[in-house]
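Protein chains in written order, with this note's numbering: chain A, 6 to 345; chain B, 6 to 345; chain C, 6 to 345.
Please keep in mind that the hints were generated in silico from the structure rather than gathered at the bench. There's no promise every hint is true.
No copy labels: a pair is met if it fits in one copy or bridges any two.
[Said to hold, decoys possible] Below, computed lysine to aspartate or glutamate pairings styled on DMTMM-like, alpha-carbon distance capped at 25 angstroms:
(1) Lys-211 <-> Asp-36
(2) Lys-211 <-> Asp-298
(3) Lys-211 <-> Asp-22
(4) Lys-211 <-> Asp-239
Spelled out from the first residue to the last, the chains are:
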Amino acid sequence: MADPRFFRAAGPFTVADLARLTGAEIGGGGDGELSLADVAPLDTAGPAHVTFLANPKYVPAFERTNAGAAFVHPDQAHRAPAGMTLLITTNPYIAFARAARRFYPSPRPPAGIAPTAVVDPSAVLGEGVAIAAHAVIGARVELGPGTAIGANSVIGDGCIIGSDCLIGPNVTVSHCLMGNRVVLYPGVRVGQDGFGFAMDPSGHVKIPQLGRVRIGDDVEIGANSTVDRGAGPDTVIGAGSMIDNLVQIAHNVVLGRGCVMVAQSGISGSSRLGDFVTVGGQAGITGHLSVGDGARVGGQSGVTRDVAAGGAVGGSPAVPIMQWHRQTAVLNRMTRKKDP
Amino acid sequence: MADPRFFRAAGPFTVADLARLTGAEIGGGGDGELSLADVAPLDTAGPAHVTFLANPKYVPAFERTNAGAAFVHPDQAHRAPAGMTLLITTNPYIAFARAARRFYPSPRPPAGIAPTAVVDPSAVLGEGVAIAAHAVIGARVELGPGTAIGANSVIGDGCIIGSDCLIGPNVTVSHCLMGNRVVLYPGVRVGQDGFGFAMDPSGHVKIPQLGRVRIGDDVEIGANSTVDRGAGPDTVIGAGSMIDNLVQIAHNVVLGRGCVMVAQSGISGSSRLGDFVTVGGQAGITGHLSVGDGARVGGQSGVTRDVAAGGAVGGSPAVPIMQWHRQTAVLNRMTRKKDP
Amino acid sequence: MADPRFFRAAGPFTVADLARLTGAEIGGGGDGELSLADVAPLDTAGPAHVTFLANPKYVPAFERTNAGAAFVHPDQAHRAPAGMTLLITTNPYIAFARAARRFYPSPRPPAGIAPTAVVDPSAVLGEGVAIAAHAVIGARVELGPGTAIGANSVIGDGCIIGSDCLIGPNVTVSHCLMGNRVVLYPGVRVGQDGFGFAMDPSGHVKIPQLGRVRIGDDVEIGANSTVDRGAGPDTVIGAGSMIDNLVQIAHNVVLGRGCVMVAQSGISGSSRLGDFVTVGGQAGITGHLSVGDGARVGGQSGVTRDVAAGGAVGGSPAVPIMQWHRQTAVLNRMTRKKDP
Chain A
6 MADPRFFRAA GPFTVADLAR LTGAEIGGGG DGELSLADVA PLDTAGPAHV
56 TFLANPKYVP AFERTNAGAA FVHPDQAHRA PAGMTLLITT NPYIAFARAA
106 RRFYPSPRPP AGIAPTAVVD PSAVLGEGVA IAAHAVIGAR VELGPGTAIG
156 ANSVIGDGCI IGSDCLIGPN VTVSHCLMGN RVVLYPGVRV GQDGFGFAMD
206 PSGHVKIPQL GRVRIGDDVE IGANSTVDRG AGPDTVIGAG SMIDNLVQIA
256 HNVVLGRGCV MVAQSGISGS SRLGDFVTVG GQAGITGHLS VGDGARVGGQ
306 SGVTRDVAAG GAVGGSPAVP IMQWHRQTAV LNRMTRKKDP
Chain B
6 MADPRFFRAA GPFTVADLAR LTGAEIGGGG DGELSLADVA PLDTAGPAHV
56 TFLANPKYVP AFERTNAGAA FVHPDQAHRA PAGMTLLITT NPYIAFARAA
106 RRFYPSPRPP AGIAPTAVVD PSAVLGEGVA IAAHAVIGAR VELGPGTAIG
156 ANSVIGDGCI IGSDCLIGPN VTVSHCLMGN RVVLYPGVRV GQDGFGFAMD
206 PSGHVKIPQL GRVRIGDDVE IGANSTVDRG AGPDTVIGAG SMIDNLVQIA
256 HNVVLGRGCV MVAQSGISGS SRLGDFVTVG GQAGITGHLS VGDGARVGGQ
306 SGVTRDVAAG GAVGGSPAVP IMQWHRQTAV LNRMTRKKDP
Chain C
6 MADPRFFRAA GPFTVADLAR LTGAEIGGGG DGELSLADVA PLDTAGPAHV
56 TFLANPKYVP AFERTNAGAA FVHPDQAHRA PAGMTLLITT NPYIAFARAA
106 RRFYPSPRPP AGIAPTAVVD PSAVLGEGVA IAAHAVIGAR VELGPGTAIG
156 ANSVIGDGCI IGSDCLIGPN VTVSHCLMGN RVVLYPGVRV GQDGFGFAMD
206 PSGHVKIPQL GRVRIGDDVE IGANSTVDRG AGPDTVIGAG SMIDNLVQIA
256 HNVVLGRGCV MVAQSGISGS SRLGDFVTVG GQAGITGHLS VGDGARVGGQ
306 SGVTRDVAAG GAVGGSPAVP IMQWHRQTAV LNRMTRKKDP
């Protein structure tokens, strides 16, 4: 059970509630009225808990679980302990994720403006907006209904933030148009100048950065990540993209829908990613490249050429992933010490 | 045109104004009195806009542009559309950068101290200083004329900050002596302890870090970058250096003038860079090294030996750049799959 | 001498004081009553200073130093200038570190709550707690005696922080149980959601992150580093671990005691490090791995397999360090240009 100092479960829910929520079918022992108090992993779940089996590696744990109910793929349903109530679905992990969110919805601070917040009188606040202590809201800012701004965060003049967004504490946002249900974790920096200047021995000359940042619906950006605004065009983060901690997104970068960027990865100026591109941890993509839909960029790789849709690359400089594995194998063969 | 929610152009300026500002000569159609309302790229510029041609790749766009005026190199001037007013200069990009800054000067907050800022009575504030909401200014801090401190930033006891600096929101500065016209973007951390300790199985023992950070004039440091103070000597950032986001500068590091560090690069303790060194994104330089004037360090490379002035290195561990290209080529040759 | 704008030495101390503090034996000129005003390096030390010799490279500087006293290994004592007072110990660096900390103890802000701090009435504050301007302390937070919270920092509901901790300015902490004497540098983010979601073409589904962060005694975490809370299990930072700037620690990661992570390194979800593991700068460890006690991970390496206790690895993907050196040597041999 999650530590009650920090979490409070919203249940109980019945098996029928969760079936309705996830589209799963009730099977096995099959008691739709069974009341479930919490979610739990296979090994610690008890009769009042719902669990799940997604990875075949965990079938033995599934066979032994004491959970009251479990999300499971139809092909694995027969491995369940006798009498257990099943929630049968072709994607048990997604279904479990939805159920877990029902038990533990994102906590939303109560509506209202903290007395110590500084809100420009020209700002337009939707219904149910929550602004925490010492937050600073600039001129002409618009906050959609249900949006929450964390303590000590600063929203610059003119920004538009949609509805039901969660802006964490100690965040800075400027020059940004943001969709709905966006989550910015603590310390995120959005909208500052891009790294654009004319190099000159008498002193580099900064180029004014005249674009914005546009963030689609349902985007999440991890702690201390940075997204620079465009130089003239906009920097764009497509709807549903998930960005981890300490990620760098340079000016004019465009991410499509549903992209995933793992921690400490970065994209240089003006590169464009299609939809559902995944970028591994500490990987880098140089500037002015195109990475196609569904491409996968390996961790720590350094992409210096375009990647086709569906492609997978690894290494620095990055090559097709199978070639990278061959590089690794060749080097290993040449240098593995034979013990006598 | 830049989004008026966020930007306001300062013009109009005449062609003659821009010629005076940049040292360009008026040519082509040659109307010095032509009034220009804004800057724009070649493809979207209209008769009231000034544009530029720097990269030969864009000559076709230059031949078709509808701009009223353009900065252009003397060698390319003959490619201009008939009758267009030219601003002829050997460095059109720098000249355009200067013009763009005239149209869009860095916005400076109005002078004054926000009522919610906390300023120690012993702080010395120059004329025109602006201190935003909830900023905290420590004892004996000195802020030069025209310097602005962003919302929720914290300037530690004793720091000296020069004139016309822009310290962004949510910044932390301590143990620092800073020149003029320095820009710190949101979330920058300057002056905290370096990572110095004596390792010991009974518990590492921290070494007091007794140096400072000295930052030269016209330095810019990007969002969420970190600059530790020296351990005894100072950490030094030379005048005019440009540092991108999420960069790490360790204790005792010395950067010369005009250095450029791209996002997510880092320098370990006590390494010294000469003037105009460029360090690519995600590159790392280990400790106690010397990198000479004008050297170039490739993206993601790992420098473990000194680099001579004018040198260029790549790879991890870094080797001379031509050798690194050969390494890459050899590996590719050995592993490229031949399609049947 | 450290700049008095920023530092104040706590001395003078006698040689006998320092001998008692460090367990060193007084030798050489041997005046236990000699009064020492400060610490200094070999080359700048004068008669009122204590210095040290740790690295044999500096024996010549040791032979010439004007220091009043020096920590030195018994084997090097005979190289001391005639008449100098010696503090003889088998670990002169540790002893000097302890002495330096006596001269320059971590400055502790005076106890008390700044009038602009916002402290929930249900928070429990130990004796001597210091809360700086604009800090925000959530409901049911517990702060141990002598702990200091920096300006503009935010401590989330329910957190427990031990005694004598130093939480820097602009820090965010949530969902965390922290030991004693922990130091968090500016901009650290602890306790936010881990990067956990079920990927789905119709939109990724975030998994509630229901664990905590547990931080042991004497841990230090560098500026702008990020530590996500666990997904169900906890994220754990073992006692005495030293974490540099811009480091990423993902959900469910476990660090043992005394681990060292250099700047910009990162650990993916659910990996476990033993005690006294060292991770070089910009290195990455992928998820679900085990790295044994005392293992050493080279800078920029990418660990994709378990590392045994005492092992050392380098390269990306990481291999045993000797093999990595052979890889480097082989590549160099194949590509080094012979100058004619």
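Hint by hint, here is what the structure shows:
In this homomeric assembly, Lys-211 and Asp-36 never come within 25 angstroms of each other (Cα to Cα): the closest approach is 67 angstroms inside a single copy and 28 angstroms across copies. In the homo-oligomer, the alpha carbons of Lys-211 and Asp-298 lie at most 25 angstroms apart only across protomers (22 angstroms), although the nearest pairing inside one protomer, at 34 angstroms, exceeds that limit. Taking the closest pair of Cα atoms, Lys-211 and Asp-22 come within 25 angstroms of each other only across two copies (20 angstroms); inside a single copy the shortest separation is 58 angstroms, beyond that limit. For a Cα distance limit of 25 angstroms, the shortest separation of Lys-211 from Asp-239 inside one copy, 18 angstroms, qualifies, whereas the shortest one across copies, 27 angstroms, does not.
Hint 1 from the earlier list is the only one contradicted by this structure; the remaining hints agree with it.
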